[in-house]
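Now for the letters of each chain:
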Amino acid sequence: MTKPAYVEQQFEDIEQQTHAATLGMWVFLSTEILFFGVLFCSYMTCRTRWPDAFRHGSEDLFLWIGGINTAVLLTSSLFMALAVRSAARGDNRRVAIWLCITTAFGVAFLGIKGFEYAQDAKERLIPEYNFSTISTEDAGKPPSKQDPRPQQEQLFMVFYFIMTGFHALHMLAGVGVLLVLLIMTLRGRFSAEYHNPIEIAGLYWHFVDIVWVFLYPALYLLRQA
Amino acid sequence: MTTATFIPAARRVKELNFLNHDYSIHSWLMTKDHKRIAILYMVSITFFFIIGGVAAMLIRLELISPTNWLVASETYNKLFTMHGVIMVWFFLIPSIPAVLGNFLMPLMLGARDVAFPKLNMASWYLYVIGGVFTLVALLWGGVDTGWTFYTPLSSTFSNTHVVMVVVGVFIVGFSTIFTGLNFIVTTHSMRCPGMTWFRMPLFVWGIYATSVIQVLATPVLAMTLALVAIERIWRVGIFDPALGGDPLLFQHLFWFYSHPAVYIMILPGMAVESELITCFSRKEPFGYIFIAFSSVAIAILGFLVWAHHMFVAGISVYSGLVFSMLSMIVAVPSAIKVFNWTATLYKGSISLQTPMLYALGFIGLFTMGGLTGVMLATLGLDVHVHDTYFVIAHFHYIMVGGMVMTYMGGLHFWWPKITGRMYNEWWGKMSALTIFLGFNLTFFPQFILGYLGMPRRYPAYPPEFQFYNVLSSAGASILAVGYILPLVYLLLSLRYGKKAGKNPYRATGLEWTTTSPPPEHNFHSIPVITHEPYAYHLELREPPEEQPSD
Chain L
5 MTKPAYVEQQ FEDIEQQTHA ATLGMWVFLS TEILFFGVLF CSYMTCRTRW
55 PDAFRHGSED LFLWIGGINT AVLLTSSLFM ALAVRSAARG DNRRVAIWLC
105 ITTAFGVAFL GIKGFEYAQD AKERLIPEYN FSTISTEDAG KPPSKQDPRP
155 QQEQLFMVFY FIMTGFHALH MLAGVGVLLV LLIMTLRGRF SAEYHNPIEI
205 AGLYWHFVDI VWVFLYPALY LLRQA
Chain V
845 MTTATFIPAA RRVKELNFLN HDYSIHSWLM TKDHKRIAIL YMVSITFFFI
895 IGGVAAMLIR LELISPTNWL VASETYNKLF TMHGVIMVWF FLIPSIPAVL
945 GNFLMPLMLG ARDVAFPKLN MASWYLYVIG GVFTLVALLW GGVDTGWTFY
995 TPLSSTFSNT HVVMVVVGVF IVGFSTIFTG LNFIVTTHSM RCPGMTWFRM
1045 PLFVWGIYAT SVIQVLATPV LAMTLALVAI ERIWRVGIFD PALGGDPLLF
1095 QHLFWFYSHP AVYIMILPGM AVESELITCF SRKEPFGYIF IAFSSVAIAI
1145 LGFLVWAHHM FVAGISVYSG LVFSMLSMIV AVPSAIKVFN WTATLYKGSI
1195 SLQTPMLYAL GFIGLFTMGG LTGVMLATLG LDVHVHDTYF VIAHFHYIMV
1245 GGMVMTYMGG LHFWWPKITG RMYNEWWGKM SALTIFLGFN LTFFPQFILG
1295 YLGMPRRYPA YPPEFQFYNV LSSAGASILA VGYILPLVYL LLSLRYGKKA
1345 GKNPYRATGL EWTTTSPPPE HNFHSIPVIT HEPYAYHLEL REPPEEQPSD
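Just so you know, the sequences run in chain order L and V.
When we follow the working numbering, the leftmost residue of the first sequence carries the number 5, and every step to the right adds one.
When we follow the working numbering, the leftmost residue of the second sequence carries the number 845, and every step to the right adds one.
To be clear, the hints were calculated from the coordinates, so they are not data collected in a lab.
It is possible that part of the hints are untrue.
[As the list claims (entries may be wrong)] Below, simulated DSS-like cross-link-like pairs (lysine-lysine); rule was C-alpha separation at most 27 Å, straight line: (1) K1343/V to K1273/V; (2) K962/V to K876/V; (3) K1191/V to K1127/V; (4) K962/V to K7/L; (5) K1127/V to K1273/V; (6) K876/V to K7/L.
Given only the sequences and the hints, what does the whole structure look like? Please build it.
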């Protein structure tokens, strides 16, 4: 029995390879959950200790930018799912199109995130760099009219930058993976029988998406107690 | 010219195996063969074991005298930190999983390789890169926080190379994760026909349970250490009370990894133990299912006990109570294993060969370590002996008496399979006895020292403790001899050892059905399993294997 070239030497057949690769990605994602779990757990611990400061911090974030980014990311997942479906049908032309669109949305997310960081810097929200308890808006007002930020809001901003930063790194890795898959698709490496790399990349992409689905409410939406 | 053509012809007759099919350096550094990666790991962890061991010897040398006679206090801090960091992350955690596990998992499951050979190679490279970071930090001046990197010492006050070591450990953490991931998937999807879950050797069950911990606990350490590094570099952080953060949070996160990591360091030892005891008692294990599931139970319960490291750190009485109880519960599956091994010995036909000596030593030392662990889990006693040599002695009985003993035992047991050569049996027995004696002489006095109140991590101590400290240091030198001996005779066996044959111990298990050393793809044809493992009761019906003449 000769194996097709896409079956690696350690596997008997494509079913075994697909099973192994898919399970491997799920196991990796369980690692990732614990990785982000540390951040969520620490964030919630500190939020419970300083509820007012953290709420004030949430209110200082740009809800509309975060909202747009949520929409962008969720839409990208739709196109990723379409790419996986087309891959299962062996329609490589569509796979390439959907992967292009997914990548574009991923890059757009990162761009918007960068823009948001710049706005945060303008608002003097970056800890140890330019954090100020007086917002830019209040700076011109007399002290009696100012609404100063609580000191522990800085801790909230530390969490905000670390959590969204690690998420952005994962997005960056995801965009890299998608580009590699795009090249492989254009070279005709995938078929209806062998398209598992696209499927497990899809798992990863949706996972990074879901992390954001938890980050967005935790950071932006917990505004009013 | 005639000789030049003659030699390749002679070589063609030689049986090809994974060691001799290609000798080039490139074929080693680019290898995806799990057996070669195992050997790469074996060489690298031996290197780190020697460095960690030298640090330990310097510590013991310093403690011969009650005064700071050998090193300055700062140097002493760096010594025990490097000893801990290197021994935990660069020796113990990769020891059995990455060396014996890598070599044996595919063989025992009847597979050609692990599920992801490239990932396997990547994990060794990550190990090396992490190791280089740590070694550079060591040469550059070391780090003085202790292997636990407690904040705020590590994040704010220490003036040593914390970031570099933390980065090294972060990277080596991913090496651990990838190895664990590989083994989980290999166990699920690479079993040969007929290899059902309950026909797997107990070694596989142990490594599988270990892998689950590696995959689920290590990312917590990675992120926690990343936060320490971020806090150090940018002076912002989650563990900084000046900002409203919480140093105790670090301890929770660190031990959420590091207590399960203790089980990463003992479950593989238990996995090897099950193989050794059955083979040298010529019996199937007593309660296969209990041994298998106790591994899984330890992996699960191990995640629920972390705060017993923090009884005096300011956690509430109630959580202390709960964690004390949970810590005692985790002793149950460990005890089940010990009872099952001893019951396997009962009415077995026991032969005291080198691996068995290590295995029997393990039972005694692990039981000591385990029982003192139950003592430490009680709240009242822990307050008394917390951060004393009692704790040091306890965890060395588990890690050295447990893990290193079984690593050595397993190394001897599978040495003929890995290299195709037998080691010298007399020297093997001598080393096992030396290590057992040296170990007890080193660490038993530390129980007494700790109970009398000698704290850990101090280079100087009151003169009344000197007697026990000198005993301990004397034991350490015997222990060192015990570790140097195998290094010598195992290496010599590569050249002078007699050829081992397929199955020198007449053991069961698929790894013994292939040649020694195994061919590149493990089996000439994929095996089919038709019966339970450990069929030692069937062996009388089969003719004994002929030993090769030379």
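Verification of the hints:
Our distance criterion of 27 Å between C-alpha atoms is met by K1343/V and K1273/V, whose separation comes to about 19 Å. In summary, the hint linking K962/V to K876/V is supported, as the alpha carbons are separated by about 6 Å, within the 27 Å threshold. Taking the CA atoms of K1191/V and K1127/V, the gap is near 9 Å; set against the 27 Å cutoff, the hint holds. Distance hint between K962/V and K7/L is fulfilled; the C-alpha atoms sit about 19 Å from each other, no more than 27 Å.
This hinted pair checks out: K1127/V and K1273/V have alpha carbons roughly 22 Å apart, not beyond 27 Å. Proposed proximity of K876/V and K7/L is supported: the alpha carbons are some 19 Å apart, at most 27 Å.
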